[in-house]
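A.B. asks: Spelled out from the first residue to the last, the chains are:
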Amino acid sequence: MSATTTFVILSIIKSVAVIFVLLTAVAYSVWLERKVSARIQNRWGPTRVGPFGLLQPLADGIKFIFKEDLMLPHVYKPLYIAAPIIAVLFSITSIAVIPFGNSLDIPAFHIGSWTVGPISTPFQVAADSAGDINIGLLIILGITSMGVYGVALAGWASNSKYSLLGGLRASAQMVSYEIALGISLIPIMIKSESFSLRAIVDAQRHLQWNIVYVPFGTIAFFVYLISAYAETNRTPFDLPEAESELVAGYHTEYSAMKFAMFFMAEYANMVTVACLATLLFFGGWLGPVFGPSWLQILLPVFWFCLKVFFFMFLYVWVRWTLPRFRYDQLMAFGWKVLLPMAIANLVVTALYEALKA
Amino acid sequence: MLHLPLFLIFGLICVAGAINLLVQKHPINSALSLVVVMASLAVEYLLLGAEFVAAVQVIVYAGAVMVLFVFTIMLLNAGEEEHTKGSRVALLLGVPGIAIGGVLVSWTVLRHSNTAPVPIGALPGPPKDVALLLFHDFLLPFEITSVLILIAIMGAVVLASRPEAIVRRLRRGEPAQKAQKPEKRELAVVGKER
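Here the protein sequences line up with chains A and B, keeping their order.
One point on numbering: in numbering that gives the first Met the number 0, the residue at position 166 of the first sequence is 165, and numbering is uninterrupted.
One point on numbering: in numbering that gives the first Met the number 0, the residue at position 14 of the second sequence is 13, and numbering is uninterrupted.
Wrong hints could be hidden among the right ones.
Rough simulated footprint, nothing fancy, chain B against chain A, three-plus residues with beta-carbon under 8 Å [as the list claims (entries may be wrong)]:
1) 134 to 141
2) 293 to 303
With a straight-line cut-off of 30 Å between C-alpha atoms, the simulated DSSO-like cross-links for lysine-lysine are [as the list claims (entries may be wrong)]:
3) LYS127/B x LYS190/A
4) LYS160/A x LYS127/B
5) LYS76/A x LYS160/A
6) LYS24/B x LYS76/A
7) LYS127/B x LYS76/A
8) LYS62/A x LYS76/A
Computed from the model, here is a short list of chain A residues facing chain B with C-beta under 7 Å [claimed, not checked]:
9) SER170
10) VAL174
11) PHE194
12) ALA198
In short, the hints are calculated from the structure, not lab data.
Glycine is no exception: its CB is placed at the ideal position from the N, C-alpha and C atoms.
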């Protein structure tokens with residue numbers, strides 16, 4: 000097989016595998032959310048479908064597909080249909096540039112008369128010939144900043160006051176916190192001298208994780224974590240869908256699969272943000288590696304997934320522990336606390352790194 | 000090998016988006032066409048090998064500036080535009096202007112037609128090269144531009160800030176406007192004229 004054919008086939012396999020894992024993770028984080036929230040409130044959560052309610056996401060998915068897809072008469076149709084697609088598209092796309100392990104190296108083997116391999120490919124869907132993307136972090140920031148359109152347009156196109164208010168709140172909040180989020184990441188870029196996610200992880204070898212890069216990395220991590228909650232519209236920043244005020248916010252007028260798409264987008268965004276936190280602050284796939292060669296390839300992926308799971312759990316934990324902000328508090332906190340903190344951290348880090356060099 | 004077809008396709012998308020921007024009657028459709036223009040421009044930069052500029056284009060223009068456009072349109076609840084039939088001044092000045100511009104562009108292109116095309120990737124693409132250009136070779140223009148933007152920000156702050164009298168009245172706990180009959184606002188008919 001020629002190099003191009005191998006590349007294309009490998010890319011397709013990787014895309015399918017990663018999307019399958021991502022969507023499964025999305026479905027099961029909903030299950031996790033329901034289970035953990037139930038435990039926090041001293042309930043059982045889903046128990047009926049399968050052991051521990053494990054088949055509940057499957058049942059929910061089937062339910063969403065077979066529900067009637069209402070097309071309301073008063074909506075602006077093109078954007079009403081496009082909004083959930085935009086939301087889900089951008090939330091899934093960003094996973095393409097996230098590296099989740101070193102590289103997969105398989106020596107040549109035979110299937111019947113076929114000789115396959117040797118295969119060597121990075122654990123990353125989109126990568127150049129060197130197995131890396133030198134602006135990976137910027138691509139993720141760009142894609143997540145485009146994700147606002149889904150929410151904003153859904154709110155506008157639904158032509159209902161709750162939706163419009165939810166959409167307005169969401170876009171204002173996401174634009175505001177995106178600035179703090181972006182600036183909080185710059186100290187990490189300065190330290191690792193790269194935008195490449197692989198280079199950033201490689202700079203954290205020997206337990207030099209950025210979270211223990213005291214105090215700069217630690218401050219950056221907390222600013223990032225808080226703005227990431229706001230970016231994904233999760234409690235305590237879930238003002239866009241505050242059910243006691245806005246029914247359900249921007250997706251009030253959506254039903255069936257279109258509603259499910261917003262749900263998927265929210266959880267896929269959570270996964271992306273958790274992946275980014277893992278890569279930038281918790282050493283990505285770095286961890287103890289031992290055993291036979293196949294284990295040495297798979298262990299880094301396992302460590303990566305474990306760290307991402309930790310962040311997903313943290314998300315759920317925070318959501319069911321903290322109450323919601325008031326809207327003016329939310330804006331004041333973003334602009335008057337987080338942003339100055341991020342900028343100060345950036346300036347001090349830049350000075351420190353410049354003097355150290 | 001795939002670069003040239005992709006470049007042409009996205010160029011066409013870009014131009015189509017720009018035309019659609021002018022043709023569409025509803026401001027939100029125009030704003031979204033502008034997003035398409037910005038995004039396809041980013042792809043063009045990427046295909047030319049300027050990956051950093053492409054990423055910044057998406058983050059700043061498509062992701063931030065245009066979101067604010069859409070936000071404003073949503074906030075003001077702007078309805079459909081009414082197009083006029085066109086003005087005579089535009090016709091008298093615009094058509095010769097387009098002709099002169101077209102002639103200038105094609106003259107420049109034809110004059111330089113023998114020079115070798117720039118191969119893809121020869122332009123400064125990686126962030127390091129761009130940074131060297133910005134903070135070393137073109138430091139002065141860069142700083143002057145930032146001062147220009149600072150002036151714009153200060154202007155916006157001045158325009159948005161409330162006059163002293165109103166601030167003083169607010170501190171005393173009085174309403175900002177002197178007591179008038181409350182305006183009749185029809186909050187319930189959000190987007191009725193759409």
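A.B. asks: Hints first: check each against the structure and report whether it holds.
C.D. replies: Going through the hints against the structure:
no., hint, in the structure
1, 134 to 141, "holds (count 5)"
2, 293 to 303, "violated (count 0)"
3, LYS127/B x LYS190/A, "holds, 15 Å"
4, LYS160/A x LYS127/B, "violated, 48 Å"
5, LYS76/A x LYS160/A, "holds, 17 Å"
6, LYS24/B x LYS76/A, "holds, 16 Å"
7, LYS127/B x LYS76/A, "violated, 45 Å"
8, LYS62/A x LYS76/A, "holds, 24 Å"
9, SER170, "holds, 5 Å"
10, VAL174, "holds, 6 Å"
11, PHE194, "holds, 6 Å"
12, ALA198, "violated, 12 Å"
Violated hints, in rising order: 2, 4, 7 and 12; the structure is consistent with all others.
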